[in-house]
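The opening position of the sequence shown corresponds to residue 1 in the working numbering, with each subsequent residue numbered one higher.
Worth double-checking, as some hints may not be accurate.
25 Å max Cα-Cα, derived DSS-like pairs, lysine-lysine [said to hold, decoys possible]:
(1) Lys131 to Lys145
(2) Lys315 to Lys206
(3) Lys167 to Lys116
(4) Lys435 to Lys467
(5) Lys417 to Lys380
(6) Lys394 to Lys353
No lab work stands behind these hints, which were simulated from the structure alone. This structure is a prediction, so every number in the text was calculated from the model and none was measured.
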Amino acid sequence: MSEHDNLPKVDGQNEVVVETTTKTTKSETVEDVTSSEADVVNTDETPQTISSTKEEVEENVGKTKSQDEKHVDEIEASNAEDAEDETNVERHTLEDKDYHAMTMEQLVSELDGLLKRQKIQTISKQVNEIKSEFYSKYNALLEEKKDEFINEGGNEIDFYYSNDTKKLFSSLYKDYKSKISAYYNEREQSLKENLKNRLDIIEEIKGLINIEENISTTYKYFKELQERWRNAGPIPRDKYNNAWNTYHHHVERFYDFLHLNRDLRDLDFKHNLEQKIKIIEQAEALAQDDNVNRSFRELQVLHKLWKEELGPVAKEHREEIWERFSEATKIIHDKRQAYYADLDKAYEKNLVKKEEIIQNIIRVTEESNGSHSSWQKKIKTIEALREEFFNAGKVPQKDNEATWTKFKEAVRSFNRKKNNFYKSLKKEQYLNLQKKTELIKIAEDNKDSEDFDTVTPLMKKIQSDWKKIGHVPRRDSDKIWKQFKAACNHYFDRLHAERKAENQELFDA
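Let the sequences and hints guide you as you build the complete structure.
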């Protein structure tokens, strides 16, 4: 037997028996089960032997597949997951989105939409990605707010920050956790009961072998058991392949027993062969489809049909049709792997781009402090770089956390330097405010003075001093200027009136 016969497939080729205590060839395995018609008729298999066979089957199902059949593993695993709940398959149709490029508000909207429009058991992948991205962004915002709080003189131990977006996200995520927990609690007991029913059906099929009664009656009951199996409901994913492999193994053994009525057996074999050839043709058509994700999803359905809906074919066809189906599967698998390899290359390019953006942020940060206007330009530059970073696309998963950490640290470093500049600027502005307030006091104290010869030079001097003093806090700027201007105007209006009066007296004299 070839190595791929270890796979959990419908035809099986007695593959599970091969995986017991010794390695055998295909012909040896067939002989073990039914070396001749006489052997089958005279087989006296006790319940203990049957139980032992089942244990061997279930023990060996999980053995490592050959390297040549690795392309089936992914499909088997996904179908096993879907087997717990048929609606799980809907998760394959959910659109992949770049949550990394979304704002916190957009992430909240995405989570809200998933909870409203999708079945709760199908969205765990998306919810986990959204949660990871949301908290990365929120924690970065939290660090910025904390830096601002401390720079303004606050004590770190007193810092607290929250916003409506975070509160809404927490509420939605709590709703998700509650619903998914209820779903799994309800499903657990049902899965256990269904598994027990399926194992009971397998035992009944085993009991049909070598039964001494009318073969037509036995065959009819066998078909009833198959129908019960099809309707037995979902089972735990970790039991899925074991249960199906054991079932197919004993179905094949029953068909071997049916040699006494070849017409019944061959009719089933013929039907199964026709249906499996149709499945193969569909798989071969899918292998030509350039939409690799769509073809993979549809291939999963074909494997499910092959495994769950159809029985074995005649021995002379088993190897041939599985090889053909496996080859079509491998083509689709390889195309999908190539597609993801191209994605990985794109992610690597995105990584290079994001690294360049981080370096640009560092470069802008390290430039000389400059003036308020230059810092405003820097702030706009950093905002543009942040936007560019978020729109640069995904990076390889292994680099995602490190890249995000470097980006946050670069932005945080810029913000610290910016905050230090404005903290220093604010301190300087308060000193300027104090100086200008003192000039206002001088102006107001002297605006009604009659000693024009002494006060006029003083008023001109404080006007000159005012111009030399730098900016004050924006909120105080207009107010103090109006106060100072009013006091000065009041004085000089009086001065001009006085001089005009003096000139008029001279003219009259």
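Each hint, compared with the structure:
A threshold of 25 Å between alpha carbons decides the hint, and for lysine 131 with lysine 145 the separation of about 21 Å falls inside it, so the pair holds. Restraint check for lysine 315 and lysine 206: the C-alpha separation of about 20 Å stays at or below 25 Å, so the hint holds. The hinted pair formed by lysine 167 and lysine 116 meets the criterion: a straight-line CA distance of about 18 Å does not exceed 25 Å. At roughly 11 Å between alpha-carbon atoms, lysine 435 and lysine 467 fall within 25 Å of each other, so this suggested pair holds.
For the hint pairing lysine 417 with lysine 380, the CA-to-CA distance comes to about 15 Å; that is within 25 Å, so the pair holds. As the CA atoms of lysine 394 and lysine 353 are separated by approximately 11 Å, the hinted pair is consistent with the 25 Å bound.
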